[in-house]
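J.: Sequence:
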Amino acid sequence: MEVAVCRTVYARAGPTTGMLTLDLDKFTFELKDGTLKHVGASNKTATAKLYDVEGIDVREFGDERVKIGFTDDEGNEVEVALFPEEAREVARGIELLEDDSRVFE
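Residue numbering for the sequence shown follows the working numbering, beginning at 1 and increasing consecutively.
Read the hints as simulated data drawn from the structure, not as lab findings. Glycine included, every Cβ here is placed at the ideal spot set by N, Cα and C. Hints are supplied without guarantee of correctness; some may be wrong.
Derived DSS-like pairs (lysine-lysine); straight-line CA-CA distance at most 25 Å [as the list claims (entries may be wrong)]:
#, residue 1, residue 2
1, LYS37, LYS49
2, LYS67, LYS49
3, LYS49, LYS26
4, LYS26, LYS44
5, LYS26, LYS37
6, LYS32, LYS44
7, LYS67, LYS44
Now the in silico label distances, taken between C-beta atoms and shown as ranges [stated by the list, open to error]:
#, residue 1, residue 2, range
8, LEU97, LYS49, 30 to 38 Å
9, GLU98, VAL39, 38 to 46 Å
10, THR28, ALA81, 21 to 29 Å
11, ARG102, GLY34, 46 to 54 Å
Construct the entire structure; sequences and hints are all you get.
T.: Structure below.
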């Protein structure tokens, strides 16, 4: 069985407010024996967004990267592995927001 998925999928694990969105643009998946496998072209992209984050984990990842993990209260999780310069850019961006944005007041 092949399933073509277009646009945004909203995944909700329970009745609370946490939400994980996946934007899958024209992916093709095969469902076989309970396993979901991507069978489409390898040049596709996707976007994952996690709202109402409850937990953040920052740690070393291998010898060269930093991993930042975000979880919500429903168990949805997004992890991002960054090289040190990318991690520094994230830190600088947050520092700039702290100085200039009403969000941190």
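J.: Take the hints in turn and mark each one as holding or not.
T.: The hints, checked one at a time:
1. LYS37 with LYS49: holds (21 Å)
2. LYS67 with LYS49: With Cα atoms ~16 Å apart, LYS67 and LYS49 stay inside 25 Å; holds.
3. LYS49 with LYS26: Roughly 18 Å separates the two Cα atoms, so the pair holds.
4. LYS26 with LYS44: Holds, because 8 Å separates the two Cα atoms, which is no more than 25 Å.
5. LYS26 with LYS37: Cα-Cα ~14 Å, so holds.
6. LYS32 with LYS44: Holds, at about 21 Å.
7. LYS67 with LYS44: holds (23 Å)
8. LEU97 with LYS49: 30 to 38 Å: violated (18 Å)
9. GLU98 with VAL39: 38 to 46 Å: Between GLU98 and VAL39, where Cβ atoms are some 45 Å apart, the hint holds.
10. THR28 with ALA81: 21 to 29 Å: Roughly 26 Å apart at Cβ, these two residues keep to the hinted range, so it holds.
11. ARG102 with GLY34: 46 to 54 Å: holds (48 Å)
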